[in-house]
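S.K.: So the chains spell out like this:
Number of protein chains: 2
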Amino acid sequence: MKQKIHFNEVVTRDGFQMEPAFVATDDKVALINALNHCGYAKIEVTSFTSAKAIPMLRDAEEVMGRIERVPGVEYTVLVPNLRGAERAMESRPDEFNLVMSTSETHNLANLRMPREHSFAALREVIERYGLQVPINVSLSACFGCPMEGEVPQIEVMQWAQRFADLGVRGLTICDTTGMAHPEQVTQMCQALRARFPALQLTLHFHNTRGMGLANVLAAVHSGIDRFDGSLGGLGGCPYAPGASGNISSEDAIHMLDAMGFDTGIDLTRLLPIARELPGLVGHMVPGQVAKSGRITDLHPAPPSVAELRKAFS
Amino acid sequence: MKQKIHFNEVVTRDGFQMEPAFVATDDKVALINALNHCGYAKIEVTSFTSAKAIPMLRDAEEVMGRIERVPGVEYTVLVPNLRGAERAMESRPDEFNLVMSTSETHNLANLRMPREHSFAALREVIERYGLQVPINVSLSACFGCPMEGEVPQIEVMQWAQRFADLGVRGLTICDTTGMAHPEQVTQMCQALRARFPALQLTLHFHNTRGMGLANVLAAVHSGIDRFDGSLGGLGGCPYAPGASGNISSEDAIHMLDAMGFDTGIDLTRLLPIARELPGLVGHMVPGQVAKSGRITDLHPAPPSVAELRKAFS
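Residue numbers (the UniProt record's numbering), protein chains in the order written: chain A, 1 to 313; chain B, 1 to 313.
Keep in mind that a hint or two might mislead.
[Unchecked claim] For lysine to aspartate or glutamate, the following EDC-like pairs were computed, each having C-alpha atoms within a straight-line distance of at most 16 Å:
#, chain 1, residue 1, chain 2, residue 2
1, B, K2, B, D225
2, A, K310, B, E116
3, B, K4, B, D266
4, A, K310, B, E104
5, A, K52, A, E19
6, B, K52, B, E19
7, B, K310, A, D27
8, A, K2, A, D225
9, B, K2, B, D257
10, A, K2, B, E183
11, B, K4, B, D257
12, B, K4, B, D225
13, B, K2, A, E183
14, A, K2, A, D257
15, B, K310, A, E104
16, A, K2, A, D262
17, B, K4, B, D262
18, A, K4, A, D262
[Stated by the list, open to error] Cβ pair distances, simulated, as ranges:
#, chain 1, residue 1, chain 2, residue 2, range
19, B, A30, A, M284, 24 to 32 Å
20, B, R193, A, D26, 30 to 38 Å
21, A, E276, B, Q190, 35 to 43 Å
22, A, M284, B, P302, 25 to 33 Å
23, A, T268, B, S50, 39 to 47 Å
24, B, R193, A, R69, 46 to 54 Å
25, B, Q3, A, T25, 47 to 55 Å
26, A, G260, B, Q132, 43 to 51 Å
Calculated from the structure, these hints are not laboratory results. We put the CB at the ideal spot given by N, CA and C, even for glycine.
From just these sequences and the hints, can you work out the full model?
M.R.: As structure tokens, then:
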């Protein structure tokens, strides 16, 4: 019996939020409706941050209102604070995804407040809505901060513990700028699984330094069975022009499928969707399998091969 | 004590051979002379194939004649047959790298003869020159053929055995078109190490489907300590426009360094060389770390962080 791996598709939230050009609401809805039938466990649809902070996702209500909801798929939304949570609840999401950073500098730079203020704001959301909707917390910069450098594992464990104590359903451990290496991933995943055996633990990797799928491999070998991925690897790194962002969902799924894991994803449906993504966003995307085909996609031999076979027979 | 990993840089051979524009001899020599001081165990300098077959490497003699030779670095050359070996010997290489495919169709398509003919031709080279120069054999398509599909592991083992019986020093097991997945790599490496404990075993991966560094990880965890890499990830796949080719040397080295292996490579020297490669070949290259920087390369916090710290203190 194959081991099940659950994928959360984040392209319409994490992928689109930093795109230079607004992706039309119709296109977002059509993309999610297409992803709906690929076998994802979860889709992070959008973010209920302010339109001023993230203009690319200013259509959160409309997108949530128009997408089809397919049984078996959870529709999660990013919620930054109580105001965002009030807006989000109107859209009846299956989960709130709250976010803060384990690095003080990263939290100040991205969320414009100290970590303790973020924690207090997220606690409010959990206390107000935690009985109505399952809560996941995404912890940023868990494998290093691009400004501070090392983030000690104990720091990550302490923030994880504080949210576990508030009764959240899941935690996403994020390598926000692609600083994790496989040895560190192994240590982190083993420690988290030992301490939080009842929590849904998701790993969120970036491929900024080419280590994305190696880190996925290290994580599955440490017993992790939930991953975030972004179609095409969309979602860049602001510090590194030309560098990859999120791991490509289809590349990670393709690898795990080949290795014999049960991702539940139908790559025959997913790859054509991935191949339309460059047209949607107006630029190339880093994902490889959409370009190269699967390892089972063969090519015809050139005509010379038949001639040579005959000549040498 | 850190485990030693040996790197063979193949950019000037495998990387350049399919480039659309000829890389000037002066540039090749300058590149190798720069790579000389980075800590590589081996550099595959060029190929003594016919100038008609691979015009990009038509300057093999001149490059070999002009490069500096640094003690501790082995300078290997690709040798296709006896005629190539005769030419190559004049250049006093430290190793011959012979090549054939484990897939009949791939061998016919690339080398224009059946595998048995290739084997006979390579045996001639080994019998004539094996006492004068160490021999490595690179076996192509060991993890799958883009035309035939699966290449059974036993097929690889049998070709490996035939060359081992001829007394070669090393074998390079090549994933020529990026079809390997980590589980397959683990099985192959364990079988090879068990059967050929005295041979230098090198793994040659491509990143065509994003699995390159995951496969390196699987290989090192199976005890492999020698890898081919191509600077910048140069060396594309003819079947997949836009897809990656060889694994990027600097990305693989960066990962293994971070994990605590001793690659012997000085990334502080190597990364500036990688960053000049796009200028040399006239296009972007897939390697990530040259764009993103190392995980230890930090960024200054934006000015807002200091203001926010003060405001919240």
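S.K.: Run every hint past the structure and note whether it holds.
M.R.: Outcome of the hint check:
no. : hint                             : in the structure
1   : K2(B) with D225(B)               : holds (12 Å)
2   : K310(A) with E116(B)             : holds (15 Å)
3   : K4(B) with D266(B)               : holds (14 Å)
4   : K310(A) with E104(B)             : holds (13 Å)
5   : K52(A) with E19(A)               : holds (15 Å)
6   : K52(B) with E19(B)               : holds (15 Å)
7   : K310(B) with D27(A)              : violated (43 Å)
8   : K2(A) with D225(A)               : holds (12 Å)
9   : K2(B) with D257(B)               : holds (10 Å)
10  : K2(A) with E183(B)               : holds (14 Å)
11  : K4(B) with D257(B)               : holds (10 Å)
12  : K4(B) with D225(B)               : holds (7 Å)
13  : K2(B) with E183(A)               : holds (14 Å)
14  : K2(A) with D257(A)               : holds (10 Å)
15  : K310(B) with E104(A)             : holds (13 Å)
16  : K2(A) with D262(A)               : holds (6 Å)
17  : K4(B) with D262(B)               : holds (5 Å)
18  : K4(A) with D262(A)               : holds (5 Å)
19  : A30(B) with M284(A): 24 to 32 Å  : holds (31 Å)
20  : R193(B) with D26(A): 30 to 38 Å  : violated (55 Å)
21  : E276(A) with Q190(B): 35 to 43 Å : holds (41 Å)
22  : M284(A) with P302(B): 25 to 33 Å : holds (28 Å)
23  : T268(A) with S50(B): 39 to 47 Å  : holds (43 Å)
24  : R193(B) with R69(A): 46 to 54 Å  : holds (51 Å)
25  : Q3(B) with T25(A): 47 to 55 Å    : holds (53 Å)
26  : G260(A) with Q132(B): 43 to 51 Å : holds (46 Å)
Of the hints listed earlier, those the structure fails to meet are numbers 7 and 20, in rising order.
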